[in-house]
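Chemist: The listed protein sequences derive, respectively, from chains A and B. Heads up: the first sequence begins at 1 in our numbering, then just goes up one per residue. Heads up: the second sequence begins at 1 in our numbering, then just goes up one per residue.
Hints were generated in silico from the structure; no laboratory data involved. Keep in mind that a hint or two might mislead.
As the list claims (entries may be wrong) - Under the rule of at most 30 Å between Cα atoms (straight-line distance), these lysine-lysine pairs were calculated in the DSS-like manner:
#1 B/Lys-31 to A/Lys-126
#2 B/Lys-326 to A/Lys-410
#3 A/Lys-410 to B/Lys-259
#4 B/Lys-34 to A/Lys-310
Stated by the list, open to error - Far from chain B by the CB rule (all over 10 Å, computed), these chain A residues:
#5 Ser-11
#6 Val-241
#7 Pro-250
#8 Val-330
#9 Leu-411
What the hints assert, rightly or not - Rough simulated footprint, nothing fancy, chain B against chain A, three-plus residues with beta-carbon under 8 Å:
#10 23 to 32
#11 36 to 47
#12 129 to 143
#13 347 to 358
#14 366 to 374
#15 378 to 390
The C-beta atom is built at its ideal place from N, Cα and C for all residues, glycine as well.
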Amino acid sequence: MTIITDPPKGSFRLSMLLNDSRYRSLTLQAIAAILLALAIFYLANNVVTNLQRLGLNIDFSFLGAPAGYDINQRLIEYTSQSTNLKAAFVGILNTLLVAFLACIMATIFGVFAGVLRLSNNWLVSKLMSIYVEIFRNIPVLIWILIIYGIMTVVMPAPRAFRGEDAEAAMFLGISAFTNRGVYIPGPEFSRIFGEMGILSAGIGWLVAIAIIIGSFFGARTVTRRATRIQEATGVRPATLVTNLAIWFLPLIAFFIITGLTFEIPELKGFNFKGGIKIGAPLIAIWFALSIYTGAFIAENVRAGIQAVSKGQTEAAGALGIRPNRIMSLVVLPQALRVIIPPLISQYLNITKNSSLAILVGYADVTATLGGITLNQTGRAIECIVLLMLFYLTISLIISAVANFYNNSTKLKER
Amino acid sequence: MSDTSANAVAFVRTESVPASAPPVNAAGPVKWLKDNLFDGVGNSILTVLAFVAIFMILSNTMPWVLNGIWDAPTLAACREILDGTTGACFAVLSERWNQLLFGFKYPSELYWRPALAFAMLFVAFAPVLFFDLPRKLLIFTGLYPFIAFWLIWGGPIFNPILALVGLIVGYVVFVRLEKTSFAMAMGVGIVSAAVVWSLSKFIGSDSAILSIGYLETVPSRDLGGFMLNMMLGVTCVSLSLPLGIALALGRQSSMPLIKYVCVIFIEFIRGVPLITLLFVASVMLGYFFPPGSGVDLFIRVVIMITLFSAAYIAEVIRGGLAALPKGQYEAADSLGLDYAQATRLIILPQALKISIPGIVNIAVGLFKDTTLVSVISMFDMVGMIRGPILASTDWNGVYWELFSFAALLFFVVCYGISQYSQWLERRLATDHR
Chain A
1 MTIITDPPKG
11 SFRLSMLLND
21 SRYRSLTLQA
31 IAAILLALAI
41 FYLANNVVTN
51 LQRLGLNIDF
61 SFLGAPAGYD
71 INQRLIEYTS
81 QSTNLKAAFV
91 GILNTLLVAF
101 LACIMATIFG
111 VFAGVLRLSN
121 NWLVSKLMSI
131 YVEIFRNIPV
141 LIWILIIYGI
151 MTVVMPAPRA
161 FRGEDAEAAM
171 FLGISAFTNR
181 GVYIPGPEFS
191 RIFGEMGILS
201 AGIGWLVAIA
211 IIIGSFFGAR
221 TVTRRATRIQ
231 EATGVRPATL
241 VTNLAIWFLP
251 LIAFFIITGL
261 TFEIPELKGF
271 NFKGGIKIGA
281 PLIAIWFALS
291 IYTGAFIAEN
301 VRAGIQAVSK
311 GQTEAAGALG
321 IRPNRIMSLV
331 VLPQALRVII
341 PPLISQYLNI
351 TKNSSLAILV
361 GYADVTATLG
371 GITLNQTGRA
381 IECIVLLMLF
391 YLTISLIISA
401 VANFYNNSTK
411 LKER
Chain B
1 MSDTSANAVA
11 FVRTESVPAS
21 APPVNAAGPV
31 KWLKDNLFDG
41 VGNSILTVLA
51 FVAIFMILSN
61 TMPWVLNGIW
71 DAPTLAACRE
81 ILDGTTGACF
91 AVLSERWNQL
101 LFGFKYPSEL
111 YWRPALAFAM
121 LFVAFAPVLF
131 FDLPRKLLIF
141 TGLYPFIAFW
151 LIWGGPIFNP
161 ILALVGLIVG
171 YVVFVRLEKT
181 SFAMAMGVGI
191 VSAAVVWSLS
201 KFIGSDSAIL
211 SIGYLETVPS
221 RDLGGFMLNM
231 MLGVTCVSLS
241 LPLGIALALG
251 RQSSMPLIKY
261 VCVIFIEFIR
271 GVPLITLLFV
281 ASVMLGYFFP
291 PGSGVDLFIR
301 VVIMITLFSA
311 AYIAEVIRGG
321 LAALPKGQYE
331 AADSLGLDYA
341 QATRLIILPQ
351 ALKISIPGIV
361 NIAVGLFKDT
371 TLVSVISMFD
381 MVGMIRGPIL
391 ASTDWNGVYW
401 ELFSFAALLF
411 FVVCYGISQY
421 SQWLERRLAT
431 DHR
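Kindly produce the complete structure, drawing on both the sequences and the hints.
Modeler: As structure tokens, this is what we get:
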């Protein structure tokens with residue numbers, strides 16, 4: 001019989017701290033903790049000494065002081081008398097705006113190029129590989145500068161639009177592409193919200209978005225009901241007309257009630273007035289980020305579609321499913337599982353790369369908080385810490401979304 | 001029998017008909033065209049559109065490129081030569097190439113030094129990149145950082161040699177003690193290297209030894225142009241690789257303290273844009289050093305970019321570690337290897353092999369990101385274009401020629417690296433497919 005002996009007790013020797021696997025990890029962690037504490041103490045001590053020598057301190061009260069500079073591109077009310085905090089907030093909104101726009105456009109470019117790269121057409125697929133290789137292998141910074149150059153050097157000045165035989169003409173008579181930016185017709189609600197001042201357009205659009213969300217849920221209910229009936233009876237009721245009505249009728253009704261009109265930009269004095277102005281910096285950063293990241297997304301899309309094995313398509317064909325239904329019912333759901341995680345990380349990259357907007361003078365959060373505010377107040381540590389916290393929060397939110405998606409779509413095995 | 005049949009039938013063919021050529025549209029270029037370009041209505045439309053796009057791009061760029069002026073002192077003179085016709089002013093490149101490549105402050109009579117260092121870079125990297133080359137070349141790879149430092153920054157050859165001797169002593173000590181304990185060997189090795197390095201304190205500033213092999217010194221703020229991009233890229237990738245491996249192993253560790261320190265570090269760095277880290281390097285990092293140490297901007301930037309890419313490389317290597325079957329770890333354990341041995345001999349060689357494409361992607365991305373230093377007013381290639389060249393009265397307004405040149409250089413390097421990575425992947429594919 002074997003006797004299970006207890007490990008020897010009481011004879012603890014110092015060498016067991018390193019050689020006994022029961023204690024070793026604790027020892028190593030204790031050493032690591034001490035080293036870490038020493039390093040942190042050393043760095044913190046240096047910071048404190050340096051700050052004292054320079055007569056500085058850590059103080060966030062500058063956020064409440066007037067910023068003292070103007071911001072051209074802004075989504076909310078802001079004047080040079082507003083606080084630094086508000087300037088930072090304007091910057092945050094601008095960052096989110098350009099990131100959002102670029103994500104949408106990059107997805108469009110990427111899906112388009114990725115699908116076309118798999119085309120049977122030799123010429124088209126080669127063209128798309130050239131697009132991908134060129135844009136992936138040249139720094140996005142250079143693309144931003146090139147597109148900014150196109151916007152400011154090649155586009156005509158507003159005065160070129162003047163006179164009988166003007167050098168430049170408005171696009172379709174409603175939009176003007178100038179070297180100061182692009183002017184497009186701006187929607188306005190002439191009734192109901194007319195008297196509410198500056199916010200009227202904003203509220204109108206919020207209501208419109210609410211209606212669109214409502215339509216989405218309405219249409220989903222109809223589709224689900226159709227699926228239920230199909231599962232019960234085998235016959236799917238026609239939903240197209242109902243869905244179209246749910247999508248468009250409320251919105252059109254809303255626009256008619258509120259009297260939606262479009263204000264067309266006009267050349268007045270030295271510049272265009274009216275409509276919506278999209279500044280050259282915004283266009284440069286938006287377009288450059290989209291076309292650069294689009295090349296990466298194209299590769300993800302291609303990889304995703306190629307990852308669905310051919311047997312899946314053939315099996316679906318053997319079941320007698322029509323080709324376009326094979327795409328939507330069999331290939332896409334499986335490809336999306338591969339495409340979406342890298343896609344989300346590309347969105348994260350877009351958000352982080354939008355900080356390059358500072359290069360062309362777009363007032364994103366890096367340019368306001370990390371640029372002008374930092375330079376004017378000299379509060380380097382505070383500004384940079386806040387800036388990092390902002391980007392960190394955004395990244396963590398996007399990662400959380402990605403994790404949630406991964407968990408909900410991963411293959412459920414065993 | 002055969003005779004009768006031959007007579008009975010009026011004509012019997014005795015040899016087979018020679019194979020006739022396939023129809024024109026079933027072989028050769030016509031078939032290729034039909035299959036690849038005009039396969040159905042939709043494809044034909046796409047082809048026509050693609051041709052139109054190619055034609056428009058070429059017809060707009062080719063006259064500009066072919067009609068380019070390569071020899072003119074200023075933009076105004078160049079425009080005069082062009083006389084209203086379309087054409088590029090590549091003269092800016094032939095006049096300012098040295099600034100684009102070396103920055104505007106690097107002494108022009110010393111250009112041979114970074115150029116030589118650049119040429120030697122290929123020799124140094126060759127044995128790392130191509131396994132078939134003689135292994136002896138790796139010695140040169142080891143020496144290269146010291147030679148390159150000496151060539152680019154100048155100064156007495158004594159400093160790099162002392163650094164090298166210190167490293168060699170440390171390594172020899174490490175190898176001697178490695179049998180007993182990995183951690184102890186590491187510690188004693190580092191200490192003995194530090195002892196050798198501290199010898200430099202005993203050399204007086206006017207000592208004769210400092211005049212041996214003295215090259216004119218160039219301060220690092222005078223570095224610039226594409227050279228700066230190359231230096232930052234190569235240095236930071238090389239430094240971040242070991243750091244990234246350490247972080248990846250730390251993140252896999254079973255010790256919670258080490259694991260969470262690594263996790264927090266990696267996630268923090270990956271969560272913020274590089275530009276904020278460069279801001280840290282330019283305005284904040286100085287506070288973390290002892291008062292009066294005055295670490296120069298180049299080193300601060302190298303530190304931050306290295307930390308940045310180490311976090312990304314760590315994630316790639318973690319992917320490689322996770323992809324290894326658990327049996328590999330267990331097999332190493334059952335052979336009685338300790339953690340250091342198992343990691344070095346069994347785990348890392350396989351994990352790194354899996355991670356190579358990812359690491360190369362990070363390296364390419366990092367090299368592209370070195371252009372960001374122009375934001376904190378370092379004059380790298382893009383900084384040179386935006387600053388001294390475009391701001392000069394001679395060349396104010398030459399955008400496309402300069403940016404095309406920068407884009408071309410980056411494209412050549414990045415595309416080259418990615419092609420190498422694909423070759424390596426095929427080379428290393430040991431599984432049978």
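Chemist: Decide, hint by hint, whether the structure agrees.
Modeler: Going through the hints against the structure:
Between B/Lys-31 and A/Lys-126, the direct Cα distance comes to roughly 19 Å. Compliance with the 30 Å bound is thereby established for this hinted pair. Restraint check for B/Lys-326 and A/Lys-410: satisfied, since their Cα atoms lie roughly 21 Å apart, inside the 30 Å limit. Between A/Lys-410 and B/Lys-259, the direct Cα distance comes to roughly 26 Å. Compliance with the 30 Å bound is thereby established for this hinted pair. Taking the CA atoms of B/Lys-34 and A/Lys-310, the gap is near 24 Å; set against the 30 Å cutoff, the hint holds.
The Cβ of A/Ser-11 lies farther than 10 Å from every Cβ of chain B, with a closest approach of about 22 Å, so its non-interface assignment holds. Listed as outside the interface, A/Val-241 is consistent with that label: its C-beta sits roughly 28 Å from the nearest C-beta of chain B, beyond the 10 Å cut-off. With a cut of 10 Å on Cβ distances, A/Pro-250 stays outside the contact zone with chain B, its closest approach being about 36 Å. Under the 10 Å C-beta cut-off, the non-interface status given to A/Val-330 relative to chain B holds; the minimum distance is some 22 Å.
At the 10 Å boundary, the C-beta of A/Leu-411 stays outside the reach of chain B, the nearest C-beta of that chain being 17 Å off. Counting residues of the region 23 to 32 of chain A whose beta-carbon sits less than 8 Å from any beta-carbon of chain B gives 4, enough to reach three: the coverage restraint holds. Note: the region 36 to 47 of chain A has 4 residues with beta-carbon separation from chain B under 8 Å; the three-residue rule is met and the coverage holds. With a cut-off of 8 Å between beta carbons, the region 129 to 143 of chain A has 9 residues touching chain B; three or more are needed, and the interface restraint holds.
Counting residues of the region 347 to 358 of chain A whose beta carbon lies closer than 8 Å to any beta carbon of chain B gives 5, which reaches the threshold of three, so the coverage claim holds. With a cut-off of 8 Å between beta carbons, the region 366 to 374 of chain A has 3 residues touching chain B; three or more are needed, and the interface restraint holds. Counting residues of the region 378 to 390 of chain A whose CB falls under 8 Å from any CB of chain B gives 5; the rule of at least 3 is met.
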